[in-house]
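Kindly produce the complete structure, drawing on both the sequences and the hints.
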Amino acid sequence: MYYLLAIGTLLLMAGLIVLMRFKFVSKEKLVFEKIITFLLIGVFIVRFMCYKDIQASGNEEIINMFTDYAHSVSELKPFSPFIGITANLLMWFELTAIIVLFLRAFFDFKTAKNLVRFISFPIFIICIIALKPLIVMMQGNDKLSVLTFALPLELGISAGLSIYYFIKDFKFKTTIKDVGMMILSFVLLNLATMPPFMPRFLFGNAYVLIQIIDISFEHRVFMYIFIVIIPIALYAALKNKPREIIEYALIAISVGTLTGFMYVYKYDKILEPWSWPFHLCNTAMFLMPICFIFKPKRLFYFTYFINVAGALFAMLMPNYNEWTNALSPTMFHFWYNHGIAFFMPILGVALGVFERPKIKQFYYSMAWFLVYFVLVLIMNVVFTAMGHEVDYFFINSTFIAEKLGQWAENIFNFGAVNLTVGSLQLEFHPLYQFIFYVVYVLIGVAVWFIYELGYNVVDSHNQLILKLKQIKVDQLALESTLNGRSIEEPMIEDAGIRYELINFSKKYASSKNYAVHDANFTVVGGEIFGFLGPNGAGKSTIIKSTVGIQPISEGRIDICGYDVAKQPVQAKRLIGYVPDHYALYEKLSGREYLNYIADIYQVSKEDRDNRLAHYIELFQLENSIDNKIKTYSHGMKQKITIMAALVHNPKVWILDEPLTGLDPTSIYQVKKCMKQHAAEGNIVFFSSHIIDIVEKLCDRIAIIKKGQIQCVRSVQEIEKSGTTLEEFYLTTIGEKPEEK
Amino acid sequence: MKIFNALVLMQLRDKFDFSWAKTLKSRIQKIVLSLLKFIFTLVVLYLVINLSCSLLSLYSFAQIVDVMILFVGLILLMSIISCTVGLMKNLYFADDNKVLVTLPVTGDMLFFSKLVVFYIFELKKSLDMLLPMILAFLIWALQNSQVAWPVFLWMWFPFLVIVGLPVLIGSLLSIPTMYINRFFKKFPFIEALSICVAIVGGIWLVVYLIGLIPENIDLNNQWAYVTNFIRDFLIGFKTKLSPFAYIVYSMTGNPVNAIPKHQINWFTVATVASLVAVVGSLIGISYITTKPLFFSMMTKSFEFDKNLIEKEMQNKVRKPFITFVNKDFQINFRSVEISGNFLAVYIIVPILILLLNSLFAAMNTKLSGDIMTYAFNILLILLPLLASNSMIATFYSKEGRAGYIKKTKPVNPLLPLIAKLLFNLAFSLPSIIITMVIFGKFSNIGTINVIILSFAILFIQYAHIFFSATMDIMNPQNEQYATIGESIDNPNEKNSTLLAFVLSFVIALISFGLFNESSIRTGGFTQASIKIAIIGLALLAFAFGSFALRIKAYYYER
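Chains as they are written, first to last, in the working numbering: chain A, 1 to 740; chain B, 1 to 558.
Hints listed in this document are in silico derivations from the structure and should not be mistaken for laboratory results. From the three backbone atoms N, C-alpha and C, an ideal C-beta is built for every residue, glycine too.
Partner residues aside, some chain B positions facing chain A, computed with beta carbon under 10 Å: (1) L24; (2) K319; (3) N332; (4) K409; (5) P410; (6) V411; (7) R550; (8) Y556.
Residues of chain A clear of chain B, computed beta-carbon distances all greater than 12 Å: (9) M1; (10) Y51; (11) V179; (12) Y372; (13) E402; (14) Q433.
Below 25 Å or equal to it, Euclidean Cα-Cα: the simulated BS3-like pairs (lysine-lysine) are: (15) K469(A) <-> K552(B); (16) K319(B) <-> K628(A); (17) K25(B) <-> K360(A); (18) K630(A) <-> K185(B); (19) K171(A) <-> K29(A); (20) K630(A) <-> K407(B); (21) K587(A) <-> K407(B); (22) K297(A) <-> K25(B); (23) K552(B) <-> K407(B); (24) K37(B) <-> K360(A); (25) K319(B) <-> K407(B); (26) K507(A) <-> K472(A).
Below, the structure is given as structure tokens:
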């Protein structure tokens with residue numbers, strides 16, 4: 001009879017497909033992808049809920065069918081082990097197949113299509129063929145029941161709907177890679193839908209000494225799997241996938257695990273509200289599919305802040321005992337439930353389906369928690385008063401208190417309140433329950449901080465990855481530009497002694513505006529180049545980006561053909577830098593410091609002896625060069641800084657406000673040094689506010705204002721135009737000079 | 001008063017990180033986090049007191065307030081030492097003195113603003129330990145009818161006064177300390193000699209104390225003797241250092257022959273009044289003695305206070321990496337506060353383990369006791385070692401602007417940054433080897449296991465060094481050091497210390513679990529040791545990888 005029903009339904013579906021295809025093409029999608037799909041969901045729910053599942057109801061008859069005991073009692077074997085095992089596996093795979101079929105109506109990517117075409121359809125056909133063993137496996141016999149009607153109907157509709165999708169996606173091409181992805185997805189989805197009794201059915205009972213409690217080795221293995229490995233593996237597999245695939249996976253996993261969870265909740269429980277799954281982590285099994293399908297934000301953040309912590313505690317202190325077998329349904333029911341409650345909300349945010357919560361959402365989650373707490377509190381006392389042992393969230397018994405010690409039990413028993421409502425004696429433990437609530441709210445707050453910490457770690461990691469990718473890209477670009485030449489060679493061949501800014505821009509991380517925008521100029525060997533501008537105009541920013549203190553945001557800076565960003569070491573070898581504030585190691589002597597710098601630039605003994613002797617004499621430091629720098633005056637420290645910048649005879653000497661704090665003799669000596677250095681064919685680039693010195697010393701100048709280079713002119717040119725540099729500067733930056 | 005407030009606020013902003021006060025979210029975060037931290041400390045301390053009083057009956061012949069006098073006394077003594085050193089730097093050698101002296105405020109205002117800032121700093125510090133400890137003691141005392149509940153309303157005013165005591169005493173002691181400091185700076189040889197004498201003296205004292213440990217300790221039979229000894233010691237402390245007793249009575253009430261044993265009465269009011277009078281006098285004395293010196297030092301230039309060196313040194317050529325190492329070793333050896341601290345820790349750890357194991361060796365322990373002592377050894381080795389690394393979380397920032405300038409040099413940035421850590425990497429190695437040899441001598445776990453565990457400790461120590469260094473790189477405080485020469489509230493230092501505690505406890509806990517599990521299998525201990533070493537190695541690989549990658553990324557010029 002059930003074969004007839006299944007085949008009849010399938011034929012009816014086939015007829016409907018033909019009819020729609022040829023007569024009502026425009027309505028085809030509506031009929032199959034909406035009406036039939038929702039009809040199938042209804043039939044599935046009836047089939048799944050409205051029969052007493054023999055395996056989940058604790059009937060050992062089927063579960064032990066292939067154990068040693070069952071083999072010795074032949075009447076307990078309705079059919080061969082092969083058929084039994086196949087039927088059980090089919091029950092499992094059919095669950096995956098039907099979830100995949102439901103989701104096909106809402107998702108349209110490659111793997112979703114292939115799963116229905118090549119996996120679901122054959123599974124439904126095999127299930128129709130194996131209907132009898134399936135029914136026997138489910139209810140223990142094949143007598144007429146809701147199941148004998150609903151299952152054939154479900155399989156007939158499912159197979160028909162699969163045919164519809166098969167025809168619809170007929171022209172869709174599939175590669176070997178797609179097949180691999182499809183098989184992998186099916187295997188992974190099966191892990192989610194696995195009925196909790198399946199491990200015991202397939203492998204029997206585990207070795208009795210394997211105890212998944214008390215942080216034993218085996219318990220740790222379970223924790224690693226559900227707290228670390230599965231969430232990380234899922235995150236790694238999905239993080240770069242399109243949003244559609246991520247949502248598909250999360251819905252499939254949450255619905256799949258919900259079906260596994262519901263094996264113990266059948267129609268008879270509906271009328272027994274004291275048996276409803278209202279434990280905190282149980283609620284997550286329902287909230288997860290609801291959240292991923294309908295996206296109710298406030299509800300989601302309730303599970304994000306409350307369920308996750310609860311599930312973690314539960315996994316650390318499971319509420320089964322040492323007699324619970326490691327392969328028993330209880331075990332897998334527990335770990336699937338708490339695993340899902342723990343990592344699915346985290347994945348929801350990590351994969352971007354839900355945004356990172358703001359403080360407002362945290363408040364909402366706490367409000368939801370209050371509602372939940374009050375609800376379970378009332379359910380606990382009312383149902384307990386009615387004679388049922390109900391302890392949702394463990395707030396109606398000493399279960400948690402016992403784990404914490406006598407003091408907690410004392411609090412539980414302190415000030416118990418009895419209320420009589422009608423015929424019911426309601427017993428509350430206000431102090432314990434209030435403290436329980438407050439502690440859990442505090443845990444919620446702690447979870448908030450842990451999440452914040454986690455976001456910081458993730459952001460920092462992502463930034464790092466981005467930066468490393470950028471470095472790799474730049475390196476490849478450099479190699480391509482060098483075209484087989486060594487990295488030690490300049491990017492631009494035969495550039496000579498040259499300092500060049502090409503469309504250089506700089507933006508500080510904390511600012512929206514550019515500190516310097518699109519700056520361009522070139523300085524060549526033999527020039528003394530002055531850099532003028534008001535305070536905060538961007539002079540130091542350009543200098544600091546050139547010497548490597550600040551990273552470059554956009555554009556390029558070249559030193560003698562070397563790109564400062566891509567060939568920093570090579571470029572820096574050619575630069576000598578005098579900062580605006582001296583920065584020295586005060587515990588070293590002047591000579592030690594200069595030798596330290598000379599070592600970094602790998603200056604030979606002969607060169608450093610000559611140069612240091614020359615500069616020590618020039619700056620009159622003979623008597624103090626071997627004293628500690630901390631004993632030096634400001635001017636002496638500035639002199640040491642200048643000597644350190646010149647010890648390797650740089651091609652480009654960059655000075656940022658170098659004359660501040662120097663006595664007139666020293667200023668004269670520094671100026672002499674600058675002229676001498678330029679005369680030897682090198683570049684001297686310096687910023688200063690002392691326009692007279694710039695005027696007398698420089699060949700060319702650049703003026704910068706609010707991050708924009710206003711002009712680059714030769715001093716001679718300015719003088720020829722009949723104005724002084726000072727007047728020219730004031731006019732350029734928009735400060736009208738006073739009338740003479 | 002407005003100007004004074006502004007002056008105090010200005011200095012507070014300079015010394016503390018107020019970035020948390022910017023947004024409501026960060027304010028709530030900070031408050032809740034601080035509250036959680038406070039409650040956590042309070043709970044832990046209460047549990048410790050409860051454990052030692054109720055379970056171990058450690059103070060069964062003494063009163064809890066007497067125990068409180070001992071601990072409050074010790075904390076105040078330590079505060080006096082830290083305030084003395086801190087105030088010496090803050091009053092006489094602080095970089096911000098040069099700015100403060102130019103402000104249009106009276107000298108008195110400047111002086112008192114400095115003291116108030118330091119008082120606020122002490123008050124903040126007291127929230128970490130002193131206040132939770134006092135509250136934990138008082139809660140236990142209340143439960144055991146030794147104090148009455150009004151004590152929780154009364155104690156706050158005396159508490160606020162008590163916190164000021166170390167600041168004022170420190171300000172007075174800072175004068176001789178400053179002169180000693182200057183003397184040592186003038187004669188570094190004498191400074192080094194004094195440190196050596198102190199270290200040798202310390203070692204001699206510990207070895208002497210170890211010699212006093214009886215060969216066989218039977219705590220079960222000797223418990224009455226132990227508790228009597230503790231009672232005598234507590235009474236001795238209370239009598240000999242009676243000011244500390246009065247300080248505590250000012251909060252708990254004075255002892256009476258009734259229940260509760262300490263009650264707030266007119267005598268307590270008089271005690272508090274005396275305390276206020278003492279504080280007032282100290283302010284006066286401090287004003288008279290310290291203020292003039294503060295001004296003379298504030299305006300003193302430290303340039304050219306070095307005699308001319310006659311002998312000219314020669315230039316030396318070194319490889320770049322060697323020159324970085326040489327520079328950092330030279331600076332560290334010339335900075336007693338760095339090298340002294342580290343070397344002290346590296347010397348103390350083996351002595352601590354020697355002391356601990358001498359005690360354990362005298363006890364007759366079972367297998368589970370042995371396992372506990374192994375885990376405890378690991379905890380006690382890791383705690384001081386890792387905690388001392390907190391200074392590494394300031395290493396790069398402490399260079400101030402010189403740290404930035406290093407970026408302008410043509411070298412792989414990893415070289416100077418690693419060179420800076422070599423001092424600790426190198427000196428912690430012999431310390432760990434000696435410590436583990438001592439541990440091996442006392443335990444009977446076999447040479448192989450001692451070697452494996454030595455590697456585990458070494459890996460964890462190195463991992464923490466790299467973690468601390470990474471913290472400094474990712475959140476540099478160079479500007480703070482460049483402008484005011486120090487950073488009182490360095491977040492990296494705090495995070496590094498926190499990580500040190502967490503790592504030490506977690507590793508000790510894991511070790512305990514693994515040793516415990518291993519005790520049921522032959523060869524299980526070696527397996528457990530290898531697992532701990534693998535955890536250490538994984539930590540080190542992660543820490544170094546993260547350190548190197550972040551340097552590569554954040555020292556890149558784009």
